[in-house]
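Residue 1035 in the working numbering is what sits at position 252 of the sequence shown, and the numbering runs on without skipping anything.
Heads up, some of the hints might be wrong.
Claimed, not checked - No more than 30 Å apart at the CA atoms, straight line, and that leaves these computed lysine-lysine pairs for DSBU-like:
| hint | residue 1 | residue 2 |
| --- | --- | --- |
| 1 | K918 | K873 |
| 2 | K848 | K924 |
| 3 | K890 | K823 |
| 4 | K836 | K914 |
| 5 | K914 | K1074 |
| 6 | K924 | K1069 |
What the hints assert, rightly or not - Have a look at the derived ranges for each label pair, beta carbon to beta carbon:
| hint | residue 1 | residue 2 | range |
| --- | --- | --- | --- |
| 7 | Y887 | S911 | 13 to 21 Å |
| 8 | Q929 | D1076 | 24 to 32 Å |
| 9 | E907 | M847 | 27 to 35 Å |
| 10 | I1098 | A1060 | 54 to 62 Å |
| 11 | K914 | L866 | 18 to 26 Å |
| 12 | R1079 | A904 | 50 to 58 Å |
| 13 | A844 | L1038 | 42 to 50 Å |
| 14 | Q1063 | Q899 | 38 to 46 Å |
| 15 | K823 | V1071 | 39 to 47 Å |
| 16 | R898 | E1053 | 52 to 60 Å |
| 17 | F1066 | H881 | 42 to 50 Å |
Bear in mind the hints are in silico, worked out from the structure with no lab data behind them.
Just so you know, even glycine gets a beta-carbon here, dropped at the ideal spot from N, CA and C.
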Amino acid sequence: MDVTPMFKACVMTVKLRNKNLPAPNKNRILQKQAKDEFSKEVKDICHQITSLKTLLMENRAAYMKFACHLKNSAQMSDEQRDLIDRECEKIVSFYTRHLTQLRYEWKKKDLKKQRQEHVEAVLELLGSYLKTVQKIHLDQKRYRMQHELETYRLLKLESDKKKIPVSPVSDETYTRTVKQKKRNEDLDGWDHEDVESSDEEQENEPLLNNAGTESRSASKVALDEDIQKEQLRYEESSELSPEDIQVYESENMQLYNELQGLAEEVEQIEKNVVDIAKLQEIFTEKVVSQKHDIERISNTVVGATENVKDANEQIKQAIQRNAGLRVWALFFLLVMSFTLLFLDWYND
């Protein structure tokens, strides 16, 4: 019997039925797994730490005052630097606490061994990455403090230079100054006389010229004599006795020793300031680590408190169960006792 037409009819029926069915998903074999909560949180933390690192590296030149004397270089004020320091410390402390909390929460969950190792490794990598970014910020802050100390040192040296007394004027300079001063006084006197007698000069100009020439020559001779006398008097007064020289030398040595002692004290203070800055940096790191330890201990205490509460509730439930059992046992004993008494009485 030929069944070919029946076979063709069955094939056509299957084809029509498959056309009406929806198209299968192409990704049904290798489906994409949905990201869990841990992956999302870790990715967000990594993104925030990377943003902080990018901010520090972009503003590194302006923060550390590299090429600040150039016009096209990036400039930054001290307020902006303090703002960057505060925000970096806040972000680092926040994400350190957050990583500690995540580690504590995921350690409490019942996970497979491989999954637990994966979570711990990821959190450890994030912690080391955060410490690297924190080290970059601490290096920049240390460089800034050293730069400020050097600037303060240079300003102090400049102020000390301004306090150095000026050397005394030499004899030639003093003589030249006296001559110029007296010459200016004489010229001022002549100008005053010329102003008062301006009308007479217009009438008797030749006579005044001759008289002015004679008076000037006489005044110059008198000025030269006064200058010579002043110079001789100054030379006589400038000669110091051996006692005065010895007194001045002792005073000079005393002042030199005092300045030397002050310079040594300044150097010692600068060294102490640098040591204090280093100790402050170490103290800051220790405080941050202690802060993290305290937060971890507080989280542990909270967990222990919750465990104690659960244990108390379980103990209460156990006590209640035991009380119910005791009640039923007493009830059974009473019933059996009354039954025995009744049977004893009934037998009699």
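Results for each hint:
1. Among the hinted pairs, K918 with K873 is consistent with the structure: their alpha-carbon atoms are about 15 Å apart, no more than 30 Å.
2. The straight-line distance between the Cα atoms of K848 and K924 is roughly 12 Å, inside the 30 Å bound, and the hint therefore holds.
3. A distance of roughly 18 Å separates the Cα atoms of K890 and K823; the hinted pair therefore holds under the 30 Å criterion.
4. The suggested pairing of K836 with K914 holds, with an alpha-carbon distance near 11 Å, which does not exceed 30 Å.
5. Our distance criterion of 30 Å between C-alpha atoms is met by K914 and K1074, whose separation comes to about 15 Å.
6. Proposed proximity of K924 and K1069 is supported: the alpha carbons are some 17 Å apart, at most 30 Å.
7. Taken as a hint, the range 13 to 21 Å holds for the pair Y887 and S911, whose Cβ atoms sit roughly 18 Å apart.
8. Checked against the hint of 24 to 32 Å, the C-beta distance between Q929 and D1076 comes to roughly 30 Å, which is consistent with it.
9. At roughly 31 Å, the beta-carbon separation of E907 and M847 lies within the given 27 to 35 Å, and the hint holds.
10. The supplied range of 54 to 62 Å is met by I1098 and A1060, whose beta-carbon atoms lie about 56 Å from each other.
11. Taking the beta carbon of each, K914 and L866 are about 23 Å apart, inside 18 to 26 Å as hinted.
12. As the Cβ distance of R1079 to A904 is approximately 19 Å, the hint placing it in 50 to 58 Å is violated.
13. Judged by the Cβ atoms, the range 42 to 50 Å given for A844 and L1038 holds: they are separated by roughly 46 Å.
14. Checked against the given bound of 38 to 46 Å, the beta carbons of Q1063 and Q899, roughly 40 Å apart, stay inside it.
15. The beta-carbon spacing between K823 and V1071, approximately 27 Å, falls outside the hinted interval of 39 to 47 Å.
16. A C-beta distance of roughly 56 Å is found between R898 and E1053, which places it inside the suggested range of 52 to 60 Å.
17. Between F1066 and H881 the CB atoms are about 24 Å apart, so this pair departs from the stated range of 42 to 50 Å.
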